[in-house]
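So the chains spell out like this:
2 protein chains.
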Amino acid sequence: MDLEILRHSASHIMAAAVKRLFPSAKLGIGPSISDGFYYDFDIADKTLTPQDLLKIEKQMKKIISANLPFERIEMKKAEAKKLLKKDKETYKLELLEGIPDETVSFYKCGDFIDLCRGPHLKSTGELKAFKLLSIAGAYWRGIEKNPMLQRIYGTAFETDTELKTHTTRLEEALKRDHRKLGPELDLFRIYHEEAGPGLVFYHPKGAELRFIIEDFLRREHKRRGYQNVIIPHIAKMKLWDTSGHTNYYKENMYFLDIDKQKYVLKPMNCPGHILIYKSKLHSYRELPIRYFELGTVYRYERSGVLHGLLRVRGFTQDDAHIFCTEEQLQDELLKVIDFAFEMLKTFGFEYEVDLSTRPDKYAGTEENWKHATNALIAALEAKKQSYNIDEGAGVFYGPKIDIKMKDALGRPWQGPTIQVDFNLPERFDMTYAASDGKKKRPVMIHRVVLGSMERFLGALIENYAGAFPLWLAPVQVELLTIADRHLKYANIVKEALEKEDLRVEISAGSEKIGAKIRSAQKMKIPYMLILGDKEESSNSVAVRSRSKGDIGVQSLEEFIGFLKKEMI
Amino acid sequence: MDLEILRHSASHIMAAAVKRLFPSAKLGIGPSISDGFYYDFDIADKTLTPQDLLKIEKQMKKIISANLPFERIEMKKAEAKKLLKKDKETYKLELLEGIPDETVSFYKCGDFIDLCRGPHLKSTGELKAFKLLSIAGAYWRGIEKNPMLQRIYGTAFETDTELKTHTTRLEEALKRDHRKLGPELDLFRIYHEEAGPGLVFYHPKGAELRFIIEDFLRREHKRRGYQNVIIPHIAKMKLWDTSGHTNYYKENMYFLDIDKQKYVLKPMNCPGHILIYKSKLHSYRELPIRYFELGTVYRYERSGVLHGLLRVRGFTQDDAHIFCTEEQLQDELLKVIDFAFEMLKTFGFEYEVDLSTRPDKYAGTEENWKHATNALIAALEAKKQSYNIDEGAGVFYGPKIDIKMKDALGRPWQGPTIQVDFNLPERFDMTYAASDGKKKRPVMIHRVVLGSMERFLGALIENYAGAFPLWLAPVQVELLTIADRHLKYANIVKEALEKEDLRVEISAGSEKIGAKIRSAQKMKIPYMLILGDKEESSNSVAVRSRSKGDIGVQSLEEFIGFLKKEMI
Chain U
0 MDLEILRHSA SHIMAAAVKR LFPSAKLGIG PSISDGFYYD FDIADKTLTP
50 QDLLKIEKQM KKIISANLPF ERIEMKKAEA KKLLKKDKET YKLELLEGIP
100 DETVSFYKCG DFIDLCRGPH LKSTGELKAF KLLSIAGAYW RGIEKNPMLQ
150 RIYGTAFETD TELKTHTTRL EEALKRDHRK LGPELDLFRI YHEEAGPGLV
200 FYHPKGAELR FIIEDFLRRE HKRRGYQNVI IPHIAKMKLW DTSGHTNYYK
250 ENMYFLDIDK QKYVLKPMNC PGHILIYKSK LHSYRELPIR YFELGTVYRY
300 ERSGVLHGLL RVRGFTQDDA HIFCTEEQLQ DELLKVIDFA FEMLKTFGFE
350 YEVDLSTRPD KYAGTEENWK HATNALIAAL EAKKQSYNID EGAGVFYGPK
400 IDIKMKDALG RPWQGPTIQV DFNLPERFDM TYAASDGKKK RPVMIHRVVL
450 GSMERFLGAL IENYAGAFPL WLAPVQVELL TIADRHLKYA NIVKEALEKE
500 DLRVEISAGS EKIGAKIRSA QKMKIPYMLI LGDKEESSNS VAVRSRSKGD
550 IGVQSLEEFI GFLKKEMI
Chain F
0 MDLEILRHSA SHIMAAAVKR LFPSAKLGIG PSISDGFYYD FDIADKTLTP
50 QDLLKIEKQM KKIISANLPF ERIEMKKAEA KKLLKKDKET YKLELLEGIP
100 DETVSFYKCG DFIDLCRGPH LKSTGELKAF KLLSIAGAYW RGIEKNPMLQ
150 RIYGTAFETD TELKTHTTRL EEALKRDHRK LGPELDLFRI YHEEAGPGLV
200 FYHPKGAELR FIIEDFLRRE HKRRGYQNVI IPHIAKMKLW DTSGHTNYYK
250 ENMYFLDIDK QKYVLKPMNC PGHILIYKSK LHSYRELPIR YFELGTVYRY
300 ERSGVLHGLL RVRGFTQDDA HIFCTEEQLQ DELLKVIDFA FEMLKTFGFE
350 YEVDLSTRPD KYAGTEENWK HATNALIAAL EAKKQSYNID EGAGVFYGPK
400 IDIKMKDALG RPWQGPTIQV DFNLPERFDM TYAASDGKKK RPVMIHRVVL
450 GSMERFLGAL IENYAGAFPL WLAPVQVELL TIADRHLKYA NIVKEALEKE
500 DLRVEISAGS EKIGAKIRSA QKMKIPYMLI LGDKEESSNS VAVRSRSKGD
550 IGVQSLEEFI GFLKKEMI
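Here the protein sequences come in this chain order: U and F.
Sequence positions in the first sequence follow numbering that gives the first Met the number 0 and run 0 to 567.
Sequence positions in the second sequence follow numbering that gives the first Met the number 0 and run 0 to 567.
Mixed in with the good hints, there may be bad ones.
Note that the list lumps identical chains together, so a pair holds whenever it fits in one copy or between two copies.
[Claimed, not checked] Straight-line C-alpha distance at most 27 Å; calculated DSS-like pairs for lysine-lysine:
#1 K564 / K221
#2 K437 / K87
#3 K279 / K493
#4 K344 / K498
#5 K237 / K87
#6 K523 / K334
#7 K144 / K259
#8 K439 / K84
For the record, the hints were derived by calculation from the structure and aren't laboratory data.
Fair warning: this is a prediction, and the values are worked out from it, not measured in the lab.
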């Protein structure tokens with residue numbers, strides 16, 4: 000059975016149920032989506048609640064057991080218009096006007112009829128396993144000036160077993176949701192009301208985690224011959240005229256005025272790195288030059304599409320630009336691909352690869368695009384790396400390799416990207432002196448190996464369900480004193496551990512030891528050390544692991560060795 | 000003899016000389032300043048050159064040897080106006096209008112007469128030691144809409160010896176000028192034309208230096224119980240309404256529009272850190288809470304006042320906000336003062352202390368200001384630290400301690416500041432639960448211990464004349480190969496040194512060894528290792544020090560030990 004048809008039919012059955020329960024409901028659209036379906040409704044006098052979902056499910060079951068056939072009805076547009084007008088389906092009327100054909104189709108089951116291209120199941124009885132999942136607001140046609148409709152999400156499968164597997168996974172995903180875990184573990188917050196949506200504030204533990212990752216990244220880049228640079232967040236708009244951003248990327252840019260000139264809050268780091276390259280003459284001997292920056296950029300996104308750390312308005316890329324000769328291009332691409340793969344493995348992700356080709360709006364010549372795309376394909380093939388083609392998903396200045404990270408639940412996350420660019424070097428008239436003394440144009444690679452720190456942190460939280468491995472945990476060891484008199488010993492232990500660069504916190508307070516353990520466990524701290532009279536007198540620690548519980552008493556020295564071994 | 004009178008008279012003598020040479024010159028103002036004097040001229044048909052300065056000096060010497068007396072002449076304003084009109088002294092006429100008195104004074108020497116309050120030397124012959132230094136553009140009354148005048152700077156002393164000492168120091172300062180050394184050592188650039196004035200781009204060596212300092216700072220803060228946080232660069236304007244910035248600081252802020260709401264590019268980090276504090280309830284047990292961030296801020300400054308790294312439009316503060324109880328305030332202030340002093344000593348600076356009190360535009364109650372000012376005074380007195388009072392130079396939300404760094408030439412630089420603030424905690428309604436369970440307001444300390452990374456880097460470059468001590472040098476060791484065949488050995492040496500976390504560069508090229516040494520010396524790299532056949536065969540390096548020249552051949556191991564010892 001085709002899952003798309005099954006789910007699309009499920010959305011019709013849901014709409015039929017909604018119309019029975021709320022006759023004033025007007026229909027929006029009701030497609031099948033990658034893991035289920037939804038339908039949008041305008042119900043003027045009613046805000047749907049989770050309780051209503053149960054009622055709707057019950058009504059759907061009635062429609063299913065009646066086993067009503069899905070009938071296809073074709074009619075002329077004028078007739079269709081009359082029918083929809085009678086039913087006051089104003090949204091469907093709008094859709095109808097957009098259909099160029101003279102004849103349109105409806106699908107009817109029981110007393111429910113809906114403008115629809117189809118196809119559908121034979122009858123409602125074929126739907127065996129379904130579940131309604133959630134309610135959300137959605138603007139009609141996704142445009143914020145339009146009315147806000149009520150969207151019901153659901154899913155459907157061929158069998159109950161499949162449905163059960165899926166909903167269990169959804170529950171697991173919900174538990175791992177970084178938007179929930181982030182504030183719970185006090186890693187970050189987004190102060191929508193006070194500061195604005197899409198802008199992330201890193202609290203101490205989140206900042207600690209970010210610096211652990213950033214320091215690691217900086218070392219890895221240095222080891223591979225990258226050089227740090229730092230550029231300002233604002234620059235004159237004319238820099239972005241040269242790069243083409245004001246032409247191809249304007250809707251995503253923030254502008255401000257300084258001394259009657261237009262300035263831009265940088266949406267990308269490339270033009271700044273190009274300015275640094277151009278500040279002096281370069282010889283072929285110096286290439287490849289690799290500039291790296293943990294560069295914070297700001298891009299406008301409509302508030303409706305913002306989503307936790309995954310879709311934000313400000314984020315920090317682990318961004319680098321490589322300037323090389325055409326002869327070096329292949330080798331550099333291979334190095335970057337290896338670098339990206341190695342990073343993802345370090346953080347516990349699997350991956351798959353997409354190749355994104357020329358979009359509708361693009362800068363540069365067709366020849367350059369072909370050249371750049373071929374370079375990427377050649378690199379992937381040299382690595383015997385399989386890939387999917389994502390037609391038209393490149394950036395305006397060049398094609399790219401997108402590496403999707405796959406987390407512990409097998410879900411894909413947008414990760415590293417690698418772009419080959421022959422356009423910006425031309426627009427900025429970049430050159431180097433070749434071995435024959437002639438001026439030549441370098442090729443430019445734009446690349447990130449984790450992506451954005453925000454999105455990566457979101458993926459990391461969900462991958463580990465917030466229980467970070469020891470080397471990443473913002474607090475690695477929590478010291479739990481049994482009574483206030485053990486605080487002195489706790490401070491001695493803390494100092495000894497910090498000397499070894501371990502990250503330690505003391506849970507002093509007057510709570511009982513059980514409460515302290517529960518709270519450290521809730522914060523997913525890898526190790527808890529319980530410190531009482533016995534431990535103090537023997538200069539030892541009673542170790543509790545987040546995953547294994549009590550693992551016995553160790554001398555302080557043993558414990559340090561034990562942690563060091565785990566972090567290798 | 001009073002130096003101010005001497006220099007003011009020198010400026011009159013210079014103006015007399017200019018009028019003799021360029022009779023159409025109109026006079027602006029001609030005061031004595033801290034280390035000399037200047038006079039502003041409007042000479043319509045003439046742009047002054049350094050050559051002209053020599054001519055003017057020659058003419059001044061004539062006026063001096065004529066030993067003309069300075070005569071004071073008083074007259075009614077109406078009469079003065081007639082005189083200035085006749086001489087077409089339009090700028091002086093404007094000044095005259097601003098004088099409220101009925102009688103004004105002129106000073107005359109020879110055929111030169113000038114509206115002036117005096118006093119002056121008895122006669123021109125008393126000026127023994129003077130020198131004209133430079134020409135600069137200066138807007139009339141410092142307002143950019145006004146005409147640009149030509150300013151001549153000069154200096155004068157009682158004796159030739161004093162003059163000589165001063166000009167030698169000026170030459171030394173000029174050699175150390177970070178605006179010259181920064182690009183020469185390829186540390187940073189400001190791309191006025193392409194990106195905008197006041198916005199600093201760190202090239203690889205400058206970024207390396209900045210990260211050395213930043214990593215050091217982060218360790219030092221961690222050691223002292225500070226926690227990292229990271230906040231976005233933009234936030235809704237209403238956050239800044241609450242803090243009072245839009246009321247007291249508006250002219251220095253950049254605004255942008257997002258979704259029809261006003262946003263601010265942050266000029267300060269405090270409101271962001273306050274949001275994080277306020278995200279949960281705090282108990283007295285948690286205080287003091289110390290949030291630290293290397294926070295980049297943007298502040299509007301008129302383009303005329305921008306100056307290298309010292310006065311910019313974007314800069315990164317080593318900023319922290321401490322939230323503590325009133326009882327903890329004194330102790331926290333003492334810790335911060337110690338921290339700041341220790342940092343400055345580490346980087347080779349002496350210092351002196353100013354206390355800046357309530358400005359004209361201020362937020363909060365007089366009582367809170369008094370309270371805050373007293374806390375700062377008490378801390379300074381507890382440390383037996385002498386200080387000057389800078390009346391009215393506090394920030395709108397609180398008084399501050401300004402620590403001036405003194406460099407190798409004894410020049411003062413703006414450095415750390417420490418502010419006590421009772422106002423923002425009130426404006427943001429911040430609280431903590433006291434030991435009796437009651438809600439209380441924390442006190443807030445704003446502090447930077449180096450100041451801004453930009454200004455500090457500027458001071459650092461000039462303090463060391465670009466020859467950074469080994470631990471700060473972006474490149475510590477330059478490897479100079481005698482011939483191409485030594486490149487392999489150079490790479491072995493490089494790897495061995497990098498394993499020890501040393502920063503190494505290879506100067507490969509085909510230049511002669513002498514040229515390579517000169518170029519490394521020009522880049523002020525602490526150590527050069529010359530690598531030829533002899534060194535390769537004996538696994539050794541021929542060491543050249545930036546300051547001591549050739550210091551002999553060492554084994555690689557010896558050399559590593561030698562460097563480590565220097566960095567302790």
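Give the relationship of K344 and K498 under a CA distance limit of 27 Å: within one copy only, between copies only, both, or neither. This pair counts as between: shortest inter-copy Cα distance 24 Å, intra-copy 29 Å.
27 Å Cα threshold - placement of K334 relative to K523: Neither, since 36 Å and 33 Å both go past 27 Å.
One pair to classify: K237 and K87, alpha carbons no more than 27 Å apart. Within, between, both, or neither? neither (52 Å within a copy, 43 Å between copies)
Alpha-carbon proximity between K437 and K87, which holds within one copy, between copies, both or neither at 27 Å: So K437 and K87 fail the 27 Å test inside a copy (73 Å) and across (60 Å) alike.
My question is about K279 and K493: at a cut-off of 27 Å on alpha-carbon distance, are they close within one copy, between copies, both, or neither? between (50 Å within a copy, 25 Å between copies)
Identical-chain pair category, K439 with K84, by Cα at 27 Å: neither (67 Å within a copy, 64 Å between copies)
At most 27 Å between CA atoms: does that hold for K564 and K221 within a copy, between copies, both, or neither? both (25 Å within a copy, 25 Å between copies)
27 Å Cα cut-off: does K144 pair with K259 within a copy, between copies, both or neither? between (32 Å within a copy, 13 Å between copies)
In the structure shown, a violation is registered for the earlier hints numbered 2, 5, 6, 8, in ascending order.
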